[in-house]
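Peer 1: Going left to right, the sequence shown walks through residues 8 to 232 as my numbering numbers them.
Just to be clear, a hint being listed does not mean it is correct.
[What the hints assert, rightly or not] Straight-line distance between alpha carbons at most 25 Å, and here's what the computed DMTMM-like set of lysine to aspartate or glutamate pairs gives:
1. Lys91 - Glu57
2. Lys211 - Asp36
3. Lys83 - Asp36
Keep in mind the hints are simulated off the structure, nothing from the lab.
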Amino acid sequence: MSRRSLTLRQAVKVLRKHHGPQQPPPSTDPFELILWENVAYLASPARRREAFELLRSTVGTSPKAILSARRQALEKVTSRGILKATFAAKLRECARIAMDDFGGDLAAVTRLPLDRAKRALRSFPGIGEPGAEKILLFAGRQALLAPDSNALRVLVRLGLVGEGTSYSRTYAAARPLADAFAEDPRFLQEAHQLLQRHGQSLCKRSAPRCTECPLARECAYARRE
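Use the sequences and the hints to build the structure in full.
Peer 2: Structure (structure tokens):
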């Protein structure tokens, strides 16, 4: 790879070889993806998945099931993360919004024009604009990259995205990367996960492990450091 011609596809190919295949979220249902974002605050990926599967098996993941669940049952689920009482209440609030505002079915929301779909999803606890785009990506409805802060850091350091004066401006600058993959949302799902994994494990905010990074030779940040 030329230092001047590193592309997102090339970066993902290298990261796929280094990190291996990534496990996708446990659902493509938009409401379940909202629950996935709220089910275990600041938990490891393994603990988050454990919490979600416990919710699914003991309470259920429909809005009606969550609204009728006992507080203790929800807190048993959210105890896989921190602030279990707060996030048990957030699960119930997610269910209330789904029932009151969307009739318990968010499938129609994901078919709305992008701006309207994002606005609807942002009405739920814990879902900002990146989270709304992530839900639309993994629901298979929009070809978006939706990088989290870890992934965005990788993109900036590789020189694939210019760093803006704020997080929101940098995030917006990353959106055009997805344009070339409008017909390949599965690639964007994989890219989202691999970039996130790389930012969490090697390309950390402080003390990045550049000597172990498979992209170091192509990385503007690593060369500068």
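Peer 1: Decide, hint by hint, whether the structure agrees.
Peer 2: Hints and how they fare:
no. : hint           : verdict
1   : Lys91 - Glu57  : 14 Å, holds
2   : Lys211 - Asp36 : 31 Å, violated
3   : Lys83 - Asp36  : 23 Å, holds
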